[in-house]
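Visitor: Here are the chains, one letter per residue:
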Amino acid sequence: MATYSDVICPFCGCLCDDIEITVENNKVVNTKNSCAISRSKFIKNDWGRIIFPTINGEPAPYEKAIEEAVKILSSARRPLVYGLSKTDNEAIREAIHLTELVGGVIDSTTTVCHGASIIAMQNTGVATTTLGEVKNRADLIVFWGSNPAEAHPRHFQRYSVTPKGKYTPNGRSGRYIVVVDVRETRSSKLADQFIRITPNSDFDVLQALRALVRGQKLSVGEVGGVQINILEELADRMKGTKVGCVFYGLGLNQSEGRHMNVDAMYSLVSELNHHTKFACNPMRGCFNVTGANMVTTWQTGYPFAVDFSRGYPRYNPGEYTAVDLLAREEVDAALIMGSDPASTFPLEAARHLSKIPVVTLERKETPTSMISKVVIPVATSGIETDGTAYRMDYVPLKLRKVVDPPQGVFSDAVVLRDIIERIKALEVDSI
Amino acid sequence: MRSLIIKGGYVYDPLNGVNGEKTNIYVCDGKVVEEIEERDAKVIDASGMVVMPGGVDIHSHIAGSKINSGRILRPEDHRKDVVKKTKVTRSGVGYSCPSTFVTGYRYAQMGYTSVFEPAMPPVSARHVHEEMADIPILDKAAYTLFGNNLFTLKYVKAGDIEMLKAFILWLLRATKGYAVKIVNPGGVENWKWGKNVDGLDDLVYNYEVTPRQIIKSLAMANEELGLPHTIHLHCNNLGVPGNYETTIETMETLKGIKPKPGRKTTVHVVHCQFNALDGDTWANVRSGASKIAKYVNGHEHVSIDIGQVIFTDTTTMTGDGPWQFRLWNLTGNKWVNKDVEMEAGAGIVPYTYRKENPANSIQWAIGLELALQIFDPWRVYLTTDHPNGGPFTFYPKVISWLMSRASRNETMLEINKSCIRRTSLANDYREYTFNEIAIVTRAATAKAVDLKNKGHFAPGADGDISVYDIDPSKWAPSKYRDLEKAFTLAKYTIKGGDIVVKDGEILSTPQGSTYWIDSAAPTEDELVKDLEADFRDYYTINFRNYPVEETYLPRSYPIKLEAA
Amino acid sequence: MVDKIDVIILTGRTLQQGIGLEVGKVSEEYSKSVNYAEISRGDSRALGLTNGSPVEVTTARGKVVLYGRISETLSPGLIFVPYGPWINQVLGPDTCCTGTPQLKGVPAELELAEGKRVPTLLDLVKAMRGT
Chain A
0 MATYSDVICP FCGCLCDDIE ITVENNKVVN TKNSCAISRS KFIKNDWGRI IFPTINGEPA
60 PYEKAIEEAV KILSSARRPL VYGLSKTDNE AIREAIHLTE LVGGVIDSTT TVCHGASIIA
120 MQNTGVATTT LGEVKNRADL IVFWGSNPAE AHPRHFQRYS VTPKGKYTPN GRSGRYIVVV
180 DVRETRSSKL ADQFIRITPN SDFDVLQALR ALVRGQKLSV GEVGGVQINI LEELADRMKG
240 TKVGCVFYGL GLNQSEGRHM NVDAMYSLVS ELNHHTKFAC NPMRGCFNVT GANMVTTWQT
300 GYPFAVDFSR GYPRYNPGEY TAVDLLAREE VDAALIMGSD PASTFPLEAA RHLSKIPVVT
360 LERKETPTSM ISKVVIPVAT SGIETDGTAY RMDYVPLKLR KVVDPPQGVF SDAVVLRDII
420 ERIKALEVDS I
Chain B
0 MRSLIIKGGY VYDPLNGVNG EKTNIYVCDG KVVEEIEERD AKVIDASGMV VMPGGVDIHS
60 HIAGSKINSG RILRPEDHRK DVVKKTKVTR SGVGYSCPST FVTGYRYAQM GYTSVFEPAM
120 PPVSARHVHE EMADIPILDK AAYTLFGNNL FTLKYVKAGD IEMLKAFILW LLRATKGYAV
180 KIVNPGGVEN WKWGKNVDGL DDLVYNYEVT PRQIIKSLAM ANEELGLPHT IHLHCNNLGV
240 PGNYETTIET METLKGIKPK PGRKTTVHVV HCQFNALDGD TWANVRSGAS KIAKYVNGHE
300 HVSIDIGQVI FTDTTTMTGD GPWQFRLWNL TGNKWVNKDV EMEAGAGIVP YTYRKENPAN
360 SIQWAIGLEL ALQIFDPWRV YLTTDHPNGG PFTFYPKVIS WLMSRASRNE TMLEINKSCI
420 RRTSLANDYR EYTFNEIAIV TRAATAKAVD LKNKGHFAPG ADGDISVYDI DPSKWAPSKY
480 RDLEKAFTLA KYTIKGGDIV VKDGEILSTP QGSTYWIDSA APTEDELVKD LEADFRDYYT
540 INFRNYPVEE TYLPRSYPIK LEAA
Chain C
0 MVDKIDVIIL TGRTLQQGIG LEVGKVSEEY SKSVNYAEIS RGDSRALGLT NGSPVEVTTA
60 RGKVVLYGRI SETLSPGLIF VPYGPWINQV LGPDTCCTGT PQLKGVPAEL ELAEGKRVPT
120 LLDLVKAMRG T
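Line by line, the protein sequences give chains A, B and C.
Residues in the first sequence are numbered consecutively from 0, following numbering that gives the first Met the number 0.
Residues in the second sequence are numbered consecutively from 0, following numbering that gives the first Met the number 0.
Residues in the third sequence are numbered consecutively from 0, following numbering that gives the first Met the number 0.
Honestly, I wouldn't trust all of these hints.
The list that follows gives simulated cross-link-like pairs (lysine-lysine, BS3-like), each with its CA atoms no further than 30 angstroms apart [what the hints assert, rightly or not]: (1) A:K31 <-> A:K397; (2) A:K70 <-> B:K83; (3) B:K153 <-> A:K163; (4) B:K215 <-> A:K165.
Bear in mind the hints are in silico, worked out from the structure with no lab data behind them.
Computed from a prediction, not measured in an experiment: that's the story for all the values here.
The task is simple: from the sequences and hints, build the whole structure.
Guide: Encoded structure:
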């Protein structure tokens, strides 16, 4: 039996790095400090694992599966490499290399989550901060369209609500917490103030707040279902606080307005910096979706949805984004890793995946693996392999291996390298 | 035994007193050697060409969190400059926020072989090294940010130079950093409350220390430790008209510090152009370069790099959060701010230097005035503070301005006449020689960071060589266009004895080394106890997960300090 | 009592959904965590819904049967369904050139689905394949 401490959890963008893991007979038998979801990931790590590759659902030796993957990807005219967010930077590097080799498109789960945030940032910029600054200085926290109590369970206690920091010695009682959402949630129950807004009205409410922060008077009685006096009060509170931070989630990105909602939020926060200190942080979901953006950006210049079909990187949301590509049936082969688009994409996009040859690198059976031509099992990044991941605020951490993967199962990075080597050997000219 | 002879070129090796001599350079197994037989070696005919040690860029923002945020911010910049993959090279994008592969290729194509990232926030040091691992060819180092770090402020307040020294060594090792970088000391910490500092004796909130104290303490500690480079300092009040006074006052503060044996300098002031402004407002701003140059000429303890402005659209990115906020207010361009817990901050704002803009014309003149009016080329280096003044790919243009008055005049005629009325550039007749260019782009910069195997051709030096297709015996300053062309794409770039560039084309992409300081103070155990306590209370990552593992450096080159 | 109600679909993560997906997508825990819709007390009463009975959600893109759960806090006119392949049956792929489909605030019709079965994960995969 062995105990490991300071283990970094590979579930969500919090990347909590204080987990204690107990391992017995190469299995995680206990965890300490982990949230319920983290505990599930560690303790059920070996549940339902795929332990051998399959081709068309039939068991196949690793070499054959790699060969088949190479055939599929190198002969495709428009291959898509997708996912990336539940694996480490080491694998993501290989995925980008592979996509460049075959002249395909590479996209990550960013595309359906915080892609809109990135687009807004590209238009407007953003005032942001790392989580420690929030812990140590912020006395006003606003959660907007986000439910950390269910999606980032330890965010409150580690970063944003209860921790006592250098200039926040009173912890919770020194902070005012506002939750803005379309419905009551476990998070709103913990707030000092819950503001309910009508679905799809975030843009209007944020623009109203911007006007109020600028000192303008509004001639309406309510915006987005919120009484004007509530918004006036919030604007004043934001302007008058010592240090404020907004954490926002997919309520902004996935509603009507998409990146314009985020644009309005970013503009509001930037403008608040004329009055006081304010920052904004997106609540990134998967544990390394931020890393996927980082690696893709430094290697190609662009953060997601990158097309290599002309031999150089191109970026154009709507054109090279995965859901759009699949819905337009523009893709004729795919490699999926670190994600399950057959589950997470709207049906009309997901459906196309069942019509084309797909290679999936997966740990456990998913709808995506079920419709794939080739399935190659991979090790759990951050539990069975070392790897680098970036927290939601861009802090990079090294995840450590605590158990061995199943026999004959390799990391994403190793599998991708094997595919790349064989494609290079074919001397495929992808242009 | 891989051997190379660069034959018959005009060699500029200022560190060894070779000034345009027609001679050969011999390389064996990656190192410069005395002499080898021609029949044993590959011979490169460099006759009629300039031969210099590979370029050493002492300050260029190439890797890390703010650079990457800059890349994300500027898809419109990338689209201007796409780079197709080849059999040998990866694809990417260039211009002001180039992708990592392209950064390595473009520097190598200009004949540069070593480039240093000047601002590494410790908590994201891993990011810097991950990116550097993807910058091919070049040898690299990163300077760790210290000036607004909570431990720096704590030990400065306590007046505890010994703990400060121990901390410097610990943090350099933990971040795999090479030098002590300071950005707007005190100002970046105050910015976390939305404030700044206005001068060297302003107070930092909660710490009640001053920028002056921070700078002095770090400089003293730096010299007592005998670190290879002096403190690398981005002064307070950057971008504020009238700031030349702060800059001189800052330099004066460091006059009394005893430099480490073997050097005279105690401070390197970075991108000095941005801190050489006279006047009171942007409306009446004028050049303060002559005043700075006068000071630098009269005081041996200072070196600077110029931070030259290029008339183009570029991206400003610095660790000076409040300055970047100011720039947002001035321009209305999109603005990114990123505060980094307990340590540092950054800001990014796209910016276009316009020829018709009087302030920009003055800024353009200032960089050149500094280079032309400071007599000692060993203390003034060529940079654009890439990408703040402009992309590094414009270095050949800067070289042409330095070496040719005609080139400067051509530009001066195109730009706002304030450059003539409010600066002294029109009266600068000096023209840099090839030897001086070799000094300010390789010999002096290598010496300034004390990398003994760089920037020269004595036996034992690294086989980093650039050959430029320009004949110094036939060249005159009127031929500045030829000069610019020659320095844009090297005829040959040799890195560690490998020909990596030929006729401007990349032939191979070896992995470069990363230099870092690997030493510990005898009091480190005591320091660590103190660090661990504050980590528990204030940071959001655990102490054990903070230091960067050496495995992040594919070719790690640790340097141990000689015992002080 | 009415036959159909106009509602707005909200999707999102839940703790149970997180736990379930980390067990595995083919697990009981996962299916149970995403194959239901939370319906307000008021709308439940109007439809005559008993807690746990099947309901059908229809949008312009399609329809899906889910278990109906009565919520004390949800406002009338809204339903909440955790992210997953069930609700994706009725959400469209239009991203307005942003890459992101609209997964929240989507108009739909809600009615009881007596006698209809909530599909299993396998059912959904088969339907995707067209088999």
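Visitor: Hints first: check each against the structure and report whether it holds.
Guide: How the hints compare with the structure:
1. Proposed proximity of K31 of chain A and K397 of chain A is supported: the alpha carbons are some 19 angstroms apart, at most 30 angstroms.
2. With a C-alpha separation of about 24 angstroms, the suggested pair K70 of chain A and K83 of chain B falls inside the 30 angstroms cut-off, and the hint holds.
3. Simply put, K153 of chain B and K163 of chain A have alpha-carbon atoms about 19 angstroms apart, close enough for the 30 angstroms limit, and the pair holds.
4. Annotation: proposed proximity of K215 of chain B to K165 of chain A holds, straight-line Cα distance about 26 angstroms (limit 30 angstroms).
In summary, this structure violates none of the numbered hints.
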